[in-house]
Amino acid sequence: MTDAPLHLEQPGWRSTLRLAFANRSFMIGFVITALVAAMALVSYVWTPYDVTHLIVADRMKGLSAQHPFGTDHFGRDILSMIMVGARNSIAVAVVAVAVGMGIGVPLGCWAAARGGWVDETLMRFNDVVFAFPALLSAVMITAIFGPGAVNAIIAIGIFNIPVFARVARAGALSLWPREYVLAARAAGKGKTLITIEHILPNIASILLVQGTIQFALGILAEAGLSYLGLGAQPPMPSWGRMLFDAQTRMMVAPHLAIFPGLAIVITVLGLNLLGDGLRDVLDPRLRRQR
Amino acid sequence: MIAFLSKRLGIGLVTLLVASAVVFFVLEILPGDPALLMLGMNATPEALASMREQMGLNDPVLVRYFSWIGGMLVGDFGRSFTYSSPVIDLIAERVVVSLPLAIISLILSTAIAIPVGIFAAARRGRMGDTVSMGVAQVGVAIPNFWFALLLVYVFAVWLRLLPSGGFPGWGAGVWPGLKALILPAIALALPQAAILARVTRSAMLEVLGEDYIRTARAKGMPRRYVLWRHALRNAMIPVLTIMGLQFAFLLAGTIIIENVFYLPGLGRLVFQAITQRDLIVVEGVIMLLVASVVVVNLVVDILYAVVDPRLRVSA
Chain E
1 MTDAPLHLEQ PGWRSTLRLA FANRSFMIGF VITALVAAMA LVSYVWTPYD
51 VTHLIVADRM KGLSAQHPFG TDHFGRDILS MIMVGARNSI AVAVVAVAVG
101 MGIGVPLGCW AAARGGWVDE TLMRFNDVVF AFPALLSAVM ITAIFGPGAV
151 NAIIAIGIFN IPVFARVARA GALSLWPREY VLAARAAGKG KTLITIEHIL
201 PNIASILLVQ GTIQFALGIL AEAGLSYLGL GAQPPMPSWG RMLFDAQTRM
251 MVAPHLAIFP GLAIVITVLG LNLLGDGLRD VLDPRLRRQR
Chain B
1 MIAFLSKRLG IGLVTLLVAS AVVFFVLEIL PGDPALLMLG MNATPEALAS
51 MREQMGLNDP VLVRYFSWIG GMLVGDFGRS FTYSSPVIDL IAERVVVSLP
101 LAIISLILST AIAIPVGIFA AARRGRMGDT VSMGVAQVGV AIPNFWFALL
151 LVYVFAVWLR LLPSGGFPGW GAGVWPGLKA LILPAIALAL PQAAILARVT
201 RSAMLEVLGE DYIRTARAKG MPRRYVLWRH ALRNAMIPVL TIMGLQFAFL
251 LAGTIIIENV FYLPGLGRLV FQAITQRDLI VVEGVIMLLV ASVVVVNLVV
301 DILYAVVDPR LRVSA
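Just so you know, the protein sequences line up as chains E and B, in that order.
Sequential numbering of the first sequence, starting at 1, is according to full-length UniProt numbering.
Sequential numbering of the second sequence, starting at 1, is according to full-length UniProt numbering.
The set of hints was computed from the structure by calculation and includes no laboratory data.
Errors might be hidden in some of the hints.
What follows is a list of derived Cβ distance ranges for each label pair [said to hold, decoys possible]:
| id | chain 1 | residue 1 | chain 2 | residue 2 | range |
| --- | --- | --- | --- | --- | --- |
| 1 | B | Val154 | E | Pro106 | 44 to 52 angstroms |
| 2 | E | Leu208 | B | Gly10 | 33 to 41 angstroms |
| 3 | E | Leu35 | B | Pro60 | 54 to 62 angstroms |
Computed from a predicted model, the values in this text were never measured in an experiment.
Note that CB positions come from ideal geometry on N, CA and C, so glycine has one too.
Using the sequences and the hints given, assemble the complete structure.
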């Protein structure tokens, strides 16, 4: 991971791909993330059992060949519920990242391009959002506007905005004094066009890395909200909700808590590894420091 | 230095002011009449009108906003209608649970993370580094409330060493109180320690590459001394930044952990207040938390100057 040679020339996508395959974090993260995503997709067409079908006679069964992860207090198959729950976690986190990027990146680029009072005002507003207890505010938003996946997305997405704004601004600020940007300005291009043609492609990689990190944080945040009963509503299974249901039944059936938790840990771990790997692959300068 | 701190203080005050406006006006535009929520659906119009008058809901919005801020400045956070007691008393009751919990967690996470981070940086690329950073990588991915459930299962259900939840109050003695906070503090601290250890390691690695470290080693200074005295002090800035963020998170972010352990802290207070639409309590607690974030940031800024003399003159 650290002993790969330092590439001095601008790597093309072919050599980037080769670097990616050689990077252990990236490969492990990529495989885990792909498996979780595949699991969520498969759940649309097939699950071992129907998660809306309650068989009370089979409730809280331990691990067996029929139910590899056991059953819950309604006799539902835990493995099937985890598969369906993955949809919800991924959907909420992905859309929350999209919300954060879609609003944050233009704001950050605008602040960097304009400077002056626009920059100052936007960054102060960023400070205010950062000072808010994010989780608490997300709880407030979902509790007041009603629990559910859409409000969870909004609640998590709002706090992604300043993160992306800050990253985009920092990246853009370092690019504006570059020669090729100066050349574009001298050629009479406007700031918006320069931002689209020169700034955005060059900050895309740091945004991608940040996106992966926020994706992982979004999964954790969604699990927390669902645990409090503020995320996806039953009968839609969600990992956080499964942990909440498990809590009071820990004495008799600890497996109820183990598997949904492992699903969260593995997914988040995969995304974090993917993010670390991406950073190494896309920015060779950073690799030396790690 | 004075100029720098007064600028930071100014920014902090502006943050507080903007935050108060956001909190107040967002809660203001919410659907639902607080008076109706208080009295229930069957309230007569007369009772409703007198309740609205009593709650001051008939005053213009700006008047209510400024009287709310003015009140907070002199320690009057208003009166909760569901608890029928002053908000400041409710907060005081709960802070004695949340604050010790946050402090214990921070101490625990720092005590674990900094030695581990230094150890990993010193043995970079070797077994110890790979293993400790692998564990940290997993630690970052663990939701603290799930970790809390596992701790409850092992230490409360299985080993029966510690209580699974609830808080006896400090009146019952220091030890019973502390005992109730041990598991929640560990649950909060370990995922935080994983993050902090990673930050410490990368900050140390950056410093260890510097010329003055090589000079110190070349002079024949013991490795341990160079690590702890020369390197750590220079690596403290990013570490302090993350610690500041984590302490702020610990104060507010305990909302889920307090629910896991049924602890009567600020998180549970605000969670119940939200579900009961007791908005004055919600507003008060959020402002208190925003204020503590601002204060923590200021303290971190001062600490920057303490560890790095260069910052005392410049900036």
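Hint by hint, here is what the structure shows:
For Val154/B and Pro106/E, the hinted distance range of 44 to 52 angstroms is satisfied, since their beta carbons lie about 48 angstroms from each other. Take Leu208/E and Gly10/B: their Cβ atoms lie about 36 angstroms apart, and the range 33 to 41 angstroms holds. The supplied range of 54 to 62 angstroms is met by Leu35/E and Pro60/B, whose beta-carbon atoms lie about 58 angstroms from each other.
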